[in-house]
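Asks: Sequence:
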Amino acid sequence: MQNVFTSILVLMFLAGCGAKRADSADGSGNYADSSAMVAEAPDAVAFDADSAYAYLGRQVEFGPRVPNTEAHAKAGDWMAAELRRHGAEVIEQKMDLEAFDGTILHARNIFGQYNPGEEDRTLLLAHYDCRPWADEDPDPDKRKQPVDGANDGASGVAVLLEIARQISAANPKKGIDILFVDAEDWGTEGDDDSWAMGTRYFVHNPVKPGYQPARVIVADMVGGAGALFPIEYFSQQSAPDLVTDLWNAASASGYGSLFPRQMGGAVTDDHVEFIKQGIPAVDIIEYHPRTGFNPHWHTTKDNLENIDKNTLRAVGTTLVRYLEL
1 MQNVFTSILV LMFLAGCGAK RADSADGSGN YADSSAMVAE APDAVAFDAD SAYAYLGRQV
61 EFGPRVPNTE AHAKAGDWMA AELRRHGAEV IEQKMDLEAF DGTILHARNI FGQYNPGEED
121 RTLLLAHYDC RPWADEDPDP DKRKQPVDGA NDGASGVAVL LEIARQISAA NPKKGIDILF
181 VDAEDWGTEG DDDSWAMGTR YFVHNPVKPG YQPARVIVAD MVGGAGALFP IEYFSQQSAP
241 DLVTDLWNAA SASGYGSLFP RQMGGAVTDD HVEFIKQGIP AVDIIEYHPR TGFNPHWHTT
301 KDNLENIDKN TLRAVGTTLV RYLEL
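Mapped onto our numbering, the consecutive letters of the sequence shown carry residue numbers 1 to 325.
Hints should not be assumed to be uniformly reliable.
[What the hints assert, rightly or not] Computed list of lysine-lysine pairs in DSSO-like fashion (alpha-carbon distance at most 27 Å, straight line):
id : residue 1 : residue 2
1  : K74       : K309
2  : K174      : K74
3  : K174      : K208
Calculated directly from the structure, the hints in this document are not laboratory data.
All chains should be built: construct the whole structure from the sequences, respecting the hints.
Replies: In structure tokens:
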């Protein structure tokens with residue numbers, strides 16, 4: 001994903017958002033401690049952050065899940081097997097995609113459905129591929145290394161796999177879909193079409209005839225220490241009611257400080273492909289006013305050491321409450 005500033009209106013909403021650097025939302029230069037930020041109210045909704053963390057760690061163990069690598073293929077096999085184990089009807093969508101640099105990516109989307117006969121469907125989405133180069137790393141010698149993607153990639157998948165486990169246990173009579181998309185992060189600055197290629201393919205090549213969810217929720221970079229999740233600009237424009245429901249769920253769960261009711265960035269991410277098709281979509285993504293993404297974004301420091309279970313718990317609990325599992 002990337003930041004975009006597409007119009008004067010967006011610039012007005014994003015006034016004060018500057019270059020990506022380590023800073024807090026209040027400009028103090030310090031990230032807040034997630035463990036302190038989540039103690040506003042008791043958790044009435046169960047979400048097992050330890051289980052989500054284990055799912056996250058398992059992905060990192062495969063190595064960087066860069067398309068066309070063994071780690072990527074093995075991780076995809078494992079995710080599909082986990083969804084099946086948790087009772088989902090799974091469809092694997094394989095495709096070859098040409099990246100901006102001419103590389104042909106042998107990509108795969110992994111789609112799981114619960115209660116496929118229900119017409120009203122909520123799609124939960126996370127990308128699982130890793131950035132092939134750490135181009136934001138402060139050390140120039142490391143900028144050609146692949147990224148572990150503990151936060152940018154594995155965290156969203158981990159939260160959704162734990163939700164899949166809870167769906168299997170609760171057996172709600174609701175149409176819920178989970179999509180792990182590929183080829184999201186092989187992009188280049190200034191070329192919107194170079195990002196979210198797996199999602200774009202999914203939108204234009206439905207896995208089932210006529211498939212169209214009623215709403216889409218993306219979980220991206222949802223495990224970082226000190227994370228904040230302000231309202232992403234395109235999400236608010238596309239789905240204001242869904243934004244309200246999700247941020248209300250966060251507040252009701254005691255995580256209102258992690259989900260501030262203020263505008264964040266305008267982000268080119270997977271949700272935009274659905275918005276283009278007129279489908280309401282919301283991106284839950286870490287963003288810090290005046291600073292941008294997590295300080296370890298697209299660096300070799302996006303690893304397990306910088307993951308916070310409290311952040312996984314906040315996002316997972318919010319989604320479980322929203323879904324009424």
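Asks: For every hint, state whether the structure bears it out.
Replies: Now for the hints, and whether the structure bears them out:
no. : hint           : verdict
1   : K74 with K309  : holds (25 Å)
2   : K174 with K74  : violated (30 Å)
3   : K174 with K208 : holds (18 Å)
The earlier numbered hint that this structure contradicts is number 2, and it is the only one.
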